[in-house]
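From just these sequences and the hints, can you work out the full model?
So the chains spell out like this:
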Amino acid sequence: MAAGKSVPRARVSVSRRATPATALASPAETMTPTREQALHIYRTMLRIRAFEEKASELFLAGRLPGFLHTYIGQEAVAAGVCVHLTREDTITSTHRGHGHAVAKGARLDLMMAELFGRKTGYCGGKGGSMHIADLDLGILGANGIVGAGIPIAAGAGLSARMQGRATVTVAFFGDGASNTGAFHEGLNLAAVWNLPVVFVCENNLYAESTPREVHQKVKDIATRAIAYDIPGVVVDGMDASSVFAAAGEGIRRAREGGGPILLEAKTYRFMGHYVGDTGAAYRDAAEVERWKQRDPIVLFRRGLLEERGFPEAEVATIEAEVQREIVEAVTFAEESPEPDLEDALRDIFA
Amino acid sequence: MAAGKSVPRARVSVSRRATPATALASPAETMTPTREQALHIYRTMLRIRAFEEKASELFLAGRLPGFLHTYIGQEAVAAGVCVHLTREDTITSTHRGHGHAVAKGARLDLMMAELFGRKTGYCGGKGGSMHIADLDLGILGANGIVGAGIPIAAGAGLSARMQGRATVTVAFFGDGASNTGAFHEGLNLAAVWNLPVVFVCENNLYAESTPREVHQKVKDIATRAIAYDIPGVVVDGMDASSVFAAAGEGIRRAREGGGPILLEAKTYRFMGHYVGDTGAAYRDAAEVERWKQRDPIVLFRRGLLEERGFPEAEVATIEAEVQREIVEAVTFAEESPEPDLEDALRDIFA
Amino acid sequence: MRKITYREALKEALREEMRRDPRVFLLGEDIAQFGGSYKVTQGLLDEFGPERVRNTPISEAAIVGAAVGAALTGMRPVAELMYVDFSGIAMDQIANQAAKNRYMFGGKAKVPMVLRTQGGTGRSSAAQHAQSLEAWFIHIPGLKVVMPATPYDAKGLLKTAIRDDNPVVFIEHKLLYPETGEVPEEEYLVPLGVADVKRAGEDVTVVAHSRMVHLALRAADRLVADGISCEVVDPRTLDPLDSAAILRSVEKTSRLVILQEAVAQCSFASEVAALVAEEALDCLDAPIRRVTALDTPMPFSPRLERFVVPSEERLIAAVREVCA
Amino acid sequence: MRKITYREALKEALREEMRRDPRVFLLGEDIAQFGGSYKVTQGLLDEFGPERVRNTPISEAAIVGAAVGAALTGMRPVAELMYVDFSGIAMDQIANQAAKNRYMFGGKAKVPMVLRTQGGTGRSSAAQHAQSLEAWFIHIPGLKVVMPATPYDAKGLLKTAIRDDNPVVFIEHKLLYPETGEVPEEEYLVPLGVADVKRAGEDVTVVAHSRMVHLALRAADRLVADGISCEVVDPRTLDPLDSAAILRSVEKTSRLVILQEAVAQCSFASEVAALVAEEALDCLDAPIRRVTALDTPMPFSPRLERFVVPSEERLIAAVREVCA
Ligand SMILES: Cc1ncc(C[n+]2csc(CCOP(=O)(O)OP(=O)(O)O)c2C)c(N)n1
Ligand SMILES: Cc1ncc(C[n+]2csc(CCOP(=O)(O)OP(=O)(O)O)c2C)c(N)n1
Ligand SMILES: [Mg+2]
Ligand SMILES: [Mg+2]
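Residue numbers (my numbering), protein chains in the order written: chain L, 1 to 350; chain S, 1 to 350; chain Z, 1 to 324; chain R, 1 to 324.
It should be emphasised that the hints constitute simulated quantities derived from the structure, not laboratory data. Please note that the accuracy of each hint is not assured.
[Unchecked claim] Within a straight-line C-alpha distance of at most 30 angstroms, the following computed DSS-like cross-link-like pairs (lysine-lysine) qualify:
no. : chain 1 : residue 1 : chain 2 : residue 2
1   : L       : K217      : R       : K108
2   : S       : K54       : Z       : K39
3   : S       : K217      : L       : K219
4   : S       : K54       : R       : K108
5   : S       : K217      : L       : K217
6   : Z       : K39       : S       : K217
7   : S       : K54       : Z       : K198
8   : S       : K292      : Z       : K108
9   : Z       : K39       : L       : K54
10  : R       : K39       : S       : K119
[Stated by the list, open to error] Have a look at the derived ranges for each label pair, beta carbon to beta carbon:
no. : chain 1 : residue 1 : chain 2 : residue 2 : range
11  : R       : V224      : S       : E342      : 36 to 42 angstroms
12  : R       : E251      : Z       : V197      : 33 to 39 angstroms
13  : R       : G43       : L       : E338      : 26 to 32 angstroms
14  : Z       : R222      : S       : T86       : 54 to 60 angstroms
The structure presented is a predicted model; accordingly, all values stated were derived computationally and were not measured. Beta carbons: idealized from backbone N, C-alpha and C, even for Gly.
So this is what it looks like as structure tokens:
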């Protein structure tokens, strides 16, 4: 009488590269951002950083209502992923959603106005930081509920499939979200229906104050892909080029009917969980410092200048443009009117 | 610029044997049921089968209210697992819960009375087939909600830990349940807290009418253990001896502080999803026949007689006793009074 | 007019709307070859194929979440929860996502989806399979809630719900599926938010929905012998509620009894009572009465279930009391 | 008497009960070293250690489910949901498991657990972080529901809830944490199911709970100038409800206004209105008025949030109307 057999390795679908090499053009073709893509990524990261820094400053000055979760430190993920997306592609996002929206093409002025709760904001002042959406840009919404965007992304992927569109959906979420029932149900559904969805887990090592090893035992969240028999890939989330390459493979695969993947980006938020939280209660200053040494913007800028030989002036122009855009965004927001009271009663039903 | 790396095999916690050999007494000691255990397993399987056959007959004759999900075909799982449990150990169960209750020591008369909705039944007629519980026997309840028992089992395991008891909790559930959010959240919690819980997935290849491959891609549900970095084990659920050995290892490991495991028993329900469903709409007669060839009771009986040399008379005595017990259970139930109307208003609060 | 069952009426609504609009599709557990637990979708797989009649895993949160995502991106999903009792699992997607997306996004999104489910008692299904949870949904701004009592209403309301650009929770009753009623051959719609006076009367208004409409009608028949003329108002849509119809009836009868299968506390019956106590208190000649399930989880025993659920007798007693 | 904050009062209750009974323990997200989102549990980790102050993953269904399992097997868990808005994820465990286990099992189980959470508006938290969902819980037989307005009540009720042998949903208010009030040094309990008349008055009964009690008290002060004497009744426990106290007050004042932060439909305010319309209709000299949040998801903009949530002005207008 033999004991139960362990699941033999051979039968376990160990996570694998996102793309069987044959299904794609040669890696060289997809793996490196073009000149234009590289500049776009850089500009995106700068726009996110500048937006978040300005928003934090305004918040701390008591000028913004509600609360804010900033994306500072994680810019390479949104930028490296979304550069592959067309306007028709869709994303779902999180409470920490500004970066995703910017990377998917959102306007900073409309975002800033929303943070101020103004009528001109993306949601007419009714959503705020945690609910920025732009359906025309495929931004299906930030979300105040951790994990909730994941099944919604599956539904968006299903639409694309049923409508015969070659679009993909990217679901962004955190390490903490990977412990929600919604994660499990959403990935399983996308897997069995072979939907064009790329699940991007931004593992920034903490869910609020809770270190990843306290909330899950698995070392790499990407290994959870095995539970759905889809590929799981780990990427350095501080390196936009690595994100670019891995996401590019996954998105292309999904677009071509290859089904979902789970892409884990190892990253870090430089600031507290929300603006106002220092993080000191649960993170060690040295740890934060170590990660800041790998600031994704600094790393990418260095790559642009030193490895790819972009002229300093070109990069500096972008930086100046972004600064200007931020100033204009704040001005726009500040000069925008408050919503009308009757607006509160609108938009409940279509 | 390198693409994202796949999760390397080395870092994936591939499912492994339930027990590191060193942590336990020699396999020989644990792997084979003693004489007494073997007879207990056999009796348990017979009691379950007889109960379910009688209940089905009564139901089809219009004598039982509500609906019934029978455990016929899966007896080896409950019997092979629960023989390792003490009275103080606890289980959570499912809509298909009669077998688990019987194996954990429930009385057939009280169960039958509950199916009849009588005052003497386990729940005073207020629970019915799907809610049989006996807290004194550690039966924390069948459950009408697929997957819901899983986090409850984690909580029971936590109690044991916090109270310094060396008890374990077994959570029984089906293949369909392994797609619920509750499964994911419950296993993850048990894993991070290293709780003494054995998760027993009875993979009978269908969730109602839905074949397993339609509701999940993964071939072995046990591979999902990888997502929680706990051992995953597959066992032949038609062979009570195999179940006995694998469950014994897992339960012992959990009892000794080794944490949870996910044990998948490959099994089959011989009848429809509920009494009244023939299963013909979604299962092929040949498939059903093939599985019936491996009837767990027939297999185990053959083993008792042929491999272990139990005298036929001993086995036959058990069979006769079980038949008698069933007759008595039905008589008890039939002669029991209906609940009083005021009972409906009792037991809402303690 | 031809008579068909409530089940058939629902299926016709699904079939007609799926033929009419390729964006309409179905998803849920065991709805394809099995035809659903109550067989409403039986046969639709054959006509529309597995892309439009989609069996799902047991993942209620993902069923509703996927419907939300599909609705946001141009489809018109009809998702099925096998029992309304399972909505606890999907409640975040229902109440925080489906209901609120449009509003949170400043009106820039539409979520045209229907969540079909069934509830109610009468089959000894016990506490986790026999609830009437409409109050949960009514309480959430952004959801519409429909509970048809007849095949005619079932068909016409489901078609309207599918064409509505908002999330509609559509709750059928497990005992009504085999019930028959007149349903025209030709196409028709029943608008949301419009009550139906199922029986006109003078002395007392009985507001009832879903299966309870039939119980109210039977009781009304019996009460004729007492010389009491009941008006039975079926709101059909509980949200948006046709308050005007209820108030109109109460203004006429001056007496109100509300009948429902759900428990009383914070329920639809409470809402109707509050509405009338706010808007038509002066018209009332007697206290309002709610006839509801007793305040317990639903017991399994048929005897106890019958005791807990409102009966004709309890309704009749309440009507007699307010008319005394 | 010393004054402490609502937050401190809650923490004292937890601390005292944990000292008193080793079976009491806490579980929830970020409640350990971080002390919880609103810092109620800060410091408890140091005293009681990580076994009894347990940080969980973001798994609301498992948090509640584990509490149910622990409660069934001899522990007395106090689980925390960071926001009541997240209860949609755990609603099955709350409503189908915690609430019903005892009944379904024929009285053979006890589920002594507290589900602490917080809700309400006032911080521009928008639609998914500012709800008042007490009606969902009140609607489910088998749950008790407590919503304290003052530090005194918060401490005394939480201690009682922890000692209660049943599942208690204990909903705090995010704006009340820093508010101070008198709390005795010595131990005391506040019983469940007993309302508190927070201000005695003659002309009109205002039923209000949680933060709205304070708003009612301020409005009552202002209404003195109108010559209107308000009685403010705080039920404190919404289920079981101290109906007698409400009826007693309405019998005295003959006028009823119900104030709450939740939306109206199928809410606690509806329930109180229905209760009075059933039991004390004859006492009423004016229609009942509900002053509630407008029927919308909660907007983010502070200006809109203030507009949607009941204000002193709206309450005063309603009181004046019923007293006119
Ligand atoms: C369902 C749910 N539970 C809890 C919260 C409170 N909360 C907001 S963000 C957060 C942590 C999320 O962690 P992670 O997914 O890793 O994202 P990160 O904040 O690190 O970007 C928590 C617990 C929530 N918003 N939703
Ligand atoms: C949450 C939930 N969803 C759906 C159902 C309806 N239902 C009851 S049993 C069942 C199938 C369960 O499949 P599985 O877990 O494999 O158990 P089996 O019936 O095969 O023993 C379903 C869908 C339910 N009871 N609970
Ligand atoms: Mg994180
Ligand atoms: Mg199964």
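Run through the hints listed earlier and report the numbers of any the structure violates, in increasing order. 1, 7, 8, 9, 10, 11, 13
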